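Participant: Residue numbers (the working numbering), protein chains in the order written: chain A, 1 to 318; chain B, 1001 to 1318; chain C, 2001 to 2318; chain D, 3001 to 3318.
Derived from the structure by calculation, the hints contain no laboratory data. These numbers come from a predicted model, not from an experiment. You can trust all of the hints, since none of them are fake.
Simulated crosslink set (DSSO-like; lysine-lysine; CA at most 30 Å straight-line):
1. Lys3199/D with Lys2064/C
2. Lys2064/C with Lys3064/D
3. Lys1052/B with Lys64/A
4. Lys2199/C with Lys2052/C
5. Lys3199/D with Lys3052/D
6. Lys1151/B with Lys214/A
7. Lys3038/D with Lys3150/D
4 protein chains.
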Amino acid sequence: MRPITMLATFTMALALGAATSSAQTWQMPPDNQRCPSKWGADDQRGSGNMMKPEVVVRAARLIKTGEVFELAAVLSPDTRESFINTGRVFNIYTKPSPPIPNGRQVNEELVVTELGQIGTQLDAFSHQMWGDSFYNCFKLGDIGTRSGFKKLGVEHVGSLMTRGVLIDVAGLKGVDMLPTSYNITPDDLQQALARANMKLEPGDAVVIRTGWSKLMGKDNQRYGTANAGIGIAAAQWLVAQDPMLIAADNCCVEVRPSEAPHSLPVHAMMLIQHGIYLIENLLLDPLAAANAHEFAFIVQPLKIKGGTGSAVAPIAIR
Amino acid sequence: MRPITMLATFTMALALGAATSSAQTWQMPPDNQRCPSKWGADDQRGSGNMMKPEVVVRAARLIKTGEVFELAAVLSPDTRESFINTGRVFNIYTKPSPPIPNGRQVNEELVVTELGQIGTQLDAFSHQMWGDSFYNCFKLGDIGTRSGFKKLGVEHVGSLMTRGVLIDVAGLKGVDMLPTSYNITPDDLQQALARANMKLEPGDAVVIRTGWSKLMGKDNQRYGTANAGIGIAAAQWLVAQDPMLIAADNCCVEVRPSEAPHSLPVHAMMLIQHGIYLIENLLLDPLAAANAHEFAFIVQPLKIKGGTGSAVAPIAIR
Amino acid sequence: MRPITMLATFTMALALGAATSSAQTWQMPPDNQRCPSKWGADDQRGSGNMMKPEVVVRAARLIKTGEVFELAAVLSPDTRESFINTGRVFNIYTKPSPPIPNGRQVNEELVVTELGQIGTQLDAFSHQMWGDSFYNCFKLGDIGTRSGFKKLGVEHVGSLMTRGVLIDVAGLKGVDMLPTSYNITPDDLQQALARANMKLEPGDAVVIRTGWSKLMGKDNQRYGTANAGIGIAAAQWLVAQDPMLIAADNCCVEVRPSEAPHSLPVHAMMLIQHGIYLIENLLLDPLAAANAHEFAFIVQPLKIKGGTGSAVAPIAIR
Amino acid sequence: MRPITMLATFTMALALGAATSSAQTWQMPPDNQRCPSKWGADDQRGSGNMMKPEVVVRAARLIKTGEVFELAAVLSPDTRESFINTGRVFNIYTKPSPPIPNGRQVNEELVVTELGQIGTQLDAFSHQMWGDSFYNCFKLGDIGTRSGFKKLGVEHVGSLMTRGVLIDVAGLKGVDMLPTSYNITPDDLQQALARANMKLEPGDAVVIRTGWSKLMGKDNQRYGTANAGIGIAAAQWLVAQDPMLIAADNCCVEVRPSEAPHSLPVHAMMLIQHGIYLIENLLLDPLAAANAHEFAFIVQPLKIKGGTGSAVAPIAIR
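Just chain A, same shape as in the assembly (with noise of 0.2 Å):
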């Protein structure tokens, strides 16, 4: 891994960046301006309906080469090979099995995990909620269980393959990573699009680098403070384009700290009132490195019944 160098000149024009984007406000609008969401009462799959065979389709013949580009962090409890988020584990028991002279035997291990939130994870709607109403108001009161949601559980989501676009920010502003807390305005990328000479197109997966991953199993408190990542302003701009879902490299696709007044807004934004999936925790040095900035995207979450999500280990196709 080459050195992490970030410019000051840059630092400074982007704190003048930030200054300007704050200025953005966002609120969580009422129950009744915000449902039933605009893929109808009842619906559990939000963006996730874009999931068409004509989107199938779409990213398919992206496919040329057949280059695959792995996007996902191995999953380990040792804290020097990954990063899992305080307050969750990733624990590994092998389950012993005595060697038979001249027989078969049988390993396996148990995990302990909160399997929806750690590593390279994609987040369904039952992960967040507004008071306690849920995407398309599903209600707490109505749908919480002991052991998982009685609605909009990741098992809903299915495979999702489609066209992915890398918006390479870090290549636009010609650093390995991002300054600490930076807020990705709409301008940074619409210009890391033009740079690559791509367009957003309905039903895309939105694949934002940051540079920060490479943090991860190197300096996971840093890493997991306060990152590079999308403001309100940008998101906003983004939900306009009508992504299928939106990734990125660092611990929360968003900026941290939050914009106030709220913590993780873009999370409310995009999980509770529009209906679109995040992914957060990807590698996507490669992408970069390889010039790949249009490709099939696909990612097969675990269907886990009432789940709030799941680890996931997508790729890219092109």
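Place chains B, C and D on chain A using the hints.
Facilitator: The following block gives chains B, C and D in isolation, referenced to the frame of chain A:
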């Protein structure tokens, strides 16, 4: 689900077939006759090495209509809707987040499970050993730890995308489900392929339908005890076709009870001797109902460091 | 174990008794009528405050022969030898240690369990709330966290050693087990005490025998569904005797199904209203067989920070 | 907590003492020299067999004032208030119960932990083996399973109540804590006993104070690495006194690093060779401060079927 029916006369014929196939024998070759594997000393990926760009492109070209078949069962602690092997668990514990008035709140779940070996799942090579010797003769004393295997872990598999071929043995026999403990023969496989006008090619995902998955969550006791599946002879014939993986809609891919003298000889043959992945507990009835015999098969195992396998949610696309 | 028998005539009489007692009613008093508790505002120990040196000395003086009765059931994942409530688990996973030739090696086990609420166990006050209000009117919003309670955790209980008195209601009635859902009345308690020539004193461990524990691991379904136990009237009479704790050889101390209108009113009365500990799932048949009606009762809950209770292994000594 | 101080001159003297004791050697006798144990072939309780009525009565007679000393540390996932060995966890997950208006609601917690080996804990005999051979020469192949041991499990221990004797080595040396890796000698033990005017008797709970427990939750790294404790010679002297158990206020009872050539030889000597229980991680400073040198010692291990030990909360009463 329509009634599960079987013809008595057919059952008798099957019994004769089973008797014939049980004349087959197989023994695990000694280490010096099976190692190094054909993929080279120190190889950890076995048939995963066939996941080449041209194989991916071949699969992508099979995507014509964009029709997606979800092949995975739901993962649930509720045995009325899922199947978990005896001695394993899949327990979900929703972690509480009391709602905050007019504020965002987060939900997640602790999951306690044998994550490599539950539900629809892919077996990696660390799952099985002969004596203390694994695929490519890695030794337990060298690669075993209390928290995963140093070699042969499922994180080495990566996403697999290849041509998938359905071998519909239940369809060939004109039954909803093959009889209890029916031992699928090489002839069965070849006739089912001929009936669909298909031929296997090296690197294929071979997808065998027994019809048994309809018992999952309905009669787990029967499903998990004495299932129909391939026997030693069929497995040997399949190895000769050079597949990337073998998948089935039953508990273990292979017939149970096992042919004497070893339990689960097909597991040993595939995972230890030849380095060919297995996928168990698929849902294949929709594929058969749609006459989908050839398709792009995509599976994304989680990158569990040192894991013996992974729960998965594969798809077929045509 | 001798056969479980019940007299039909007795059963009829019991049914009449139940009808009488169901005329009793109980309602949780509003917060301002039950708080602060008699042990003072901010008190977290309730009846545990009676664990004074003189109470310990009183108990020690009851130790004359040194005969010890183990009152706890074995903790095992095997339901043929233990009882675990539906929705809870007690799973042991031995962590492997391959033997070292001529060297020391260590074994241990991962245990996954609702540790406060399985097997023979003591209920602490954080186990139950009315609305969002606990014993002494601590509020969920103030003391709840994702990993234990800030107040009222079982770590405040400490070891309890006090005079124990067996109230053998099954013995009084001349049966091995009280009938299903038999509602023990104040008269039953007083007659059983008189039969043993015993009187309750403040600070006692009241140990009530229904005979039901012999179903544990034998018929868990029956044991866990509709057990004999004290009803509201008996509980109110016991509260008036000022006990340190109430223990029984059944699932819940109290009768099930519960008397209308609330489920488990005795839990609410003891743990929320009065701050009196409960111990469930004891083995009391040996005490009865030995005519041990008065003894030193000793229980050592684990100091689980913020825990709602603890698995325990209490003893009686005389 | 008052400052932790040590005298330099004393430290030098201690270093000499350690040098002397390291001249001691110990080897595990071969199976045929150590089995059957003195408690008979097939015995599983070892020194627990000394838990006789007369021993209980002897202990009860030591209870004069009723003063109770709680000797256990709090069990918490928070390392700022507890000590958990590296490679083990004590994780609490509160299971949610949304409050019900004017109704009873229940709370409980899932606990994931190496329950036999965390916090203040008692070691049972299945915890340690030499080669594949345990106490009384039970063999791993015969008694090991994936979910506990068929023999020597902690459920065989039962509650222990016996005379406890504090051996305050830190007090003898006039320090808050013995120096790092200080190897307590037989002379130290005898002088500390003489200073308190005490003699050991067969069946005693020997309670050794090093002063180290004050590091728990304060400096776990130091506490868990190179603690003061008894060495081989002191252990051999203690075995000759015929104790029921040996307990201490440090990580492992015995000194670390271990004397060559074996790691943790005192564990092997006590748990494998002689069948004497160990209790670790006690809080003993209050006992010393109160000059409580003789008392009733009571410990109630949980009845974990096949468990290698149990978290405990022992008390001393005088």
